[in-house]
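The whole structure should be built from the sequences, with the hints applied where relevant.
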Amino acid sequence: MPGGYHGRALHVDVGDGATRDLPLADDVLRRVVGGVGLGAWLLARLAPVGVAPLAPEAPLVIALSPLVGSPLTTSAKFAVVAKSPLTERIGDALASDRFAIELKGCGVDALVVTGRAAAWSLLVVDERGARLEPAQDLVGLSSADAEERVRARLGDSWRFFGIGPAGERLVRFATISGDARHAGRGGLGAVLGSKRVKGIAVRGARTCPVADRERVLALARDLSARSLGPATAKYRELGTVTNLLVMNRLAALPTRNFQAGSFEHADAVSGEALHALPSVRRHCAACTIGCEHVFTTSSGRAVRMEYEGLFALGPLCGIGDRDVVLAASALCDDAGIDVISAGGTVAFAMECRERGLLAGRAELADVPAFGDGEGLLRTLRRIAAREAEGDLLAEGSRRLGDLLGGAAPRLAPHVKGLELPGYDPRAMQTLALGLAVATRGADHNRSSAYEEDLRPGADRFRADASKGPAAAAAEVRAAVLDSLILCKFLRGVFADVLAEGAAMLSAVTGWDVDRAEMERVGRRVVTLRKLWNVREGWTRDEDTLPPRLLEEPLRGAAGDGVTLSRGDLVRMIASYYAAHGWTPEGAVPDALVRELGLDDVAGVEKESP
Amino acid sequence: MRRGALVLCGGRSRRMGRDKAWLPFGGERLLQRVVARVAACCDEVVVVARPGQELPPLPADVRVAHDELPDQGPLGGLVPGLRALAACDACFATSCDAPFVSAAVIDLLFARVTDHDVAVAESGGFTHPLSAVYRPHVVPALERLLAAGRLRPVFLYDEVATARVDEHALRAVDPELDALRNVNTPEAYEDALARAFPELSVELYDIARARAGRAVVPVRADTLRGALLQLARLCPALAPDVVTADGALAAHWRASVGGASFVDAPDTPLAGDAPLIVISALAGG
Ligand code: SF4
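If you're matching them up, the sequences are chains A and B in order.
Residues 1 to 609, numbered by the working numbering, are exactly what the first sequence covers, in order.
Residues 1001 to 1285, numbered by the working numbering, are exactly what the second sequence covers, in order.
The hints are simulated quantities; they were obtained by calculation from the structure and are not laboratory data.
Every residue gets a Cβ at the ideal spot worked out from N, C-alpha and C, and that includes glycine.
Certain hints may be false.
What the hints assert, rightly or not - The following label-pair restraints were derived from C-beta to C-beta distances:
1. Ala1248/B x Thr296/A: 37 to 43 Å
2. Pro278/A x Gly1213/B: 15 to 21 Å
3. Ala578/A x Pro1218/B: 45 to 51 Å
4. Ala1251/B x Arg281/A: 43 to 49 Å
5. Asp27/A x Ala1248/B: 54 to 60 Å
6. Arg515/A x Asp1071/B: 58 to 64 Å
7. Pro1240/B x Arg594/A: 47 to 53 Å
8. Pro1236/B x Leu403/A: 55 to 61 Å
9. Pro584/A x Ala1194/B: 35 to 41 Å
10. Pro1240/B x Leu403/A: 54 to 60 Å
11. Val294/A x Gly1258/B: 48 to 54 Å
Stated by the list, open to error - Here are some chain B residues the structure puts well away from chain A; computed CB gaps all over 10 Å:
12. Ala1104
13. Glu1203
14. Ala1283
To be verified - If we take Cβ atoms under 8 Å as the criterion, some of the chain B residues that face chain A in the derived model are:
15. Gly1258
16. Asp1264
17. Ser1280
18. Ala1281
The following block contains the structure:
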């Protein structure tokens, strides 16, 4: 067995409590490594074709990586992978916590959950295996409160990863969280909720030796030292909240449901305004950087805040009151809902109200207006409880738009059903491409393509064919980081993430992985997710952006009047497909499936020797 | 006539509080600027520095002579400079703190030295020994005066054939007498910057703002490098993580003119109407 792996996944059917071992062969592990790669591979192998995301047989995969438990900074991470109830495409989210280390200590590289428990349960996993415990007493609690109670019951050395009330009620953008860190996007909390599992408790101490301990230590020391340099200073000193004023200045700050790219009250809800409050910095487990800034509100509540929550619950909803945004973020944390989708869906409903598109819908009568802070908080509470307008908004902006019909769907701020993050695509047109094509929907973390938009000499307001290769390469790098798994905030630290990733993987596993192989892993993981989406019904039309972004010019000082036409987007997408070696229609040719060694998940016959 | 030029930069810059040779001026250091301006109208350039003085990079054909007896006033610096330029017929002498030294004034002084040993600019009743042209053969006279401790330039002018170029003649080619302007104090430096360059705003974001302690820094510059040099000077806390001391953006930092596209060419032109925006390249969440 290569270092860093146990060579097995544990599959638990929570319907009957049965568990089984899934052996993971060396060649599979070498192909997909871990994290989102391994998670996608297990999903492809185990999910019935066309499975409903909230059906008992839909698997929820928690995938670790060979680096988990190593001294490499930021490596205590895991991927959660399932069919997303929001997009009905692949949903993969990352979380960071000691949970990863404890789960690995249970002697597994991944945990797969299927079935539906007869009553609310806690899934308890340790070195001996998995069992279900009743969890009726945890129902209705936030994940943080449930975590406290579970650790009080089982012992402090246990780690917990679970859902809040929104996940229990199958809100389509519910999160799963542990130690205040959420696997946030795509509604994976609803998948766990659909299995009537409130959370997963893990503890394990089984070791998993690495191949070359000295080398791993040397690489870890070097990486830790670099992680404290200028490339991460921004995250350490201010956190991502400081992006708000930057995006505002670049006319990229989505405001009032993408009606503008800058917000007149940006200063009031800026990261700088937040930093006027008392704050503390926190670290994920095994992280030297510590990018999390937790602010104490005037009411004494500690709220962790990131740019994505700040933009989505602030400018996107027209809210210019720092205290409201903090309260809204705390509410989302407690409910266990994704701040981006929550803000995006509410902002969409607000615009529908503004345009009279809710007329005659009694159940949506309380949708607040832009800027109505009290209304925002009320609606968020109702989403978590699935009450009144909250019940429809809990379905996400795409379904709400479809229900309203008429002019509404063109304003719904989503790609494939996943709400857009905090970057107006018209103001960052390489990122626009990344958002349009990402397999999990409008997602910035699977491509991080905004770096290309900020490159000197690149024209961020122009869509051209050079953006396809840039976005494809950014996806490959992100897929490598998400499979290894290392934090994206290290990306500025690496001179060449593929080469350095190969060195780390080699030292841990004992394989002789070079840069080219690492790049192939990235391409394989990107294509694997795409193949799975194709299997689940993906069509070319899904790779697009909300119509309003392709029909209306950007509004906001630095980018006023900038447009991104449908034709421009289509041309960029064609160059992106070509860069990945896909057909002009975005399909993956059989030859590429074979070249990437994805025959076993794509239903493509291996060529006879 | 083979023209030499010598640029004295070994002064102590006491009133300025820092070495004037290194003061940023546009995209250059003050010494680089003065050297470039005299090189444009002279055949050979020598910089006279203190022994051990660190100088900004200079063109390969510019020689450096050392003033072995510093603190002797301008006459002391002329000796090693004129010795190094012995092959020239006459040499224009200036100092590195004269940012507006101009070909017009230099040409005028060379035109007046023809049958003299020295041609020196004069205005407001003062002679300007570092706006003057000297024949190399005055070196023995200079050495005698220095040995006698007679350091005032006027002693030389009394001893050798000196043409005094009066204010009227100077103003004919340099109406504001800019070429005679020295930057001896921080105020004079700011004033010179203001004469040379438009004011423009540098907007700082994220940790640049936090470290500088302000959101907007007005600078005088007309190129990216000029603006960044001023930024580094005005906000020392930004070096080296945001701007390097020699006027480049550090890795992971980006600059945009007016907020559209991002630029990194040092000579990118800047105008007062579009602010320079400095942001971190790691802009994503
Ligand atoms: S940099 Fe931030 S998100 Fe990344 S591992 Fe460290 S604390 Fe967690």
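Cut-off 8 Å, beta-carbon criterion: hint that Ala1281/B touches chain A: Hint holds; Ala1281/B Cβ to chain A Cβ min 5 Å, cut 8 Å.
Range hint compliance [Cβ, Asp27/A to Ala1248/B, 54 to 60 Å]: violated (47 Å)
Assessment of proposed distance window 37 to 43 Å (beta carbons of Ala1248/B, Thr296/A): holds (39 Å)
Range hint 54 to 60 Å (beta carbons of Pro1240/B and Leu403/A) holds or violated: holds (56 Å)
Range hint compliance [Cβ, Pro584/A to Ala1194/B, 35 to 41 Å]: Given about 59 Å between the Cβ atoms, the range is violated.
Status of the hint placing Ser1280/B at chain A (closest C-beta pair under 8 Å): With a minimum Cβ separation of about 5 Å from chain A (threshold 8 Å), the hint on Ser1280/B holds.
Hint check: 8 Å Cβ-Cβ cutoff, Asp1264/B to chain A: With Cβ-Cβ at 4 Å, under 8 Å, it holds.
Whether Ala1283/B stays farther than 10 Å from all C-beta atoms of chain A, as the label says: Non-interface label on Ala1283/B violated, nearest chain A Cβ at 6 Å vs cutoff 10 Å.
Consistency of beta-carbon spacing, Gly1258/B to Val294/A, with hint 48 to 54 Å: Check failed, 36 Å falls outside 48 to 54 Å.
Whether the CB-CB distance between Pro278/A and Gly1213/B falls inside 15 to 21 Å: holds (20 Å)
Status of the given 58 to 64 Å range, CB of Asp1071/B versus CB of Arg515/A: Cβ of Arg515/A to Cβ of Asp1071/B: about 60 Å, so the range 58 to 64 Å holds.
Distance rule for Ala1104/B, whose beta carbon must clear each one in chain A by more than 10 Å: holds (38 Å)
Of the hints listed earlier, those the structure fails to meet are numbers 4, 5, 9, 11, 13, 14, in rising order.
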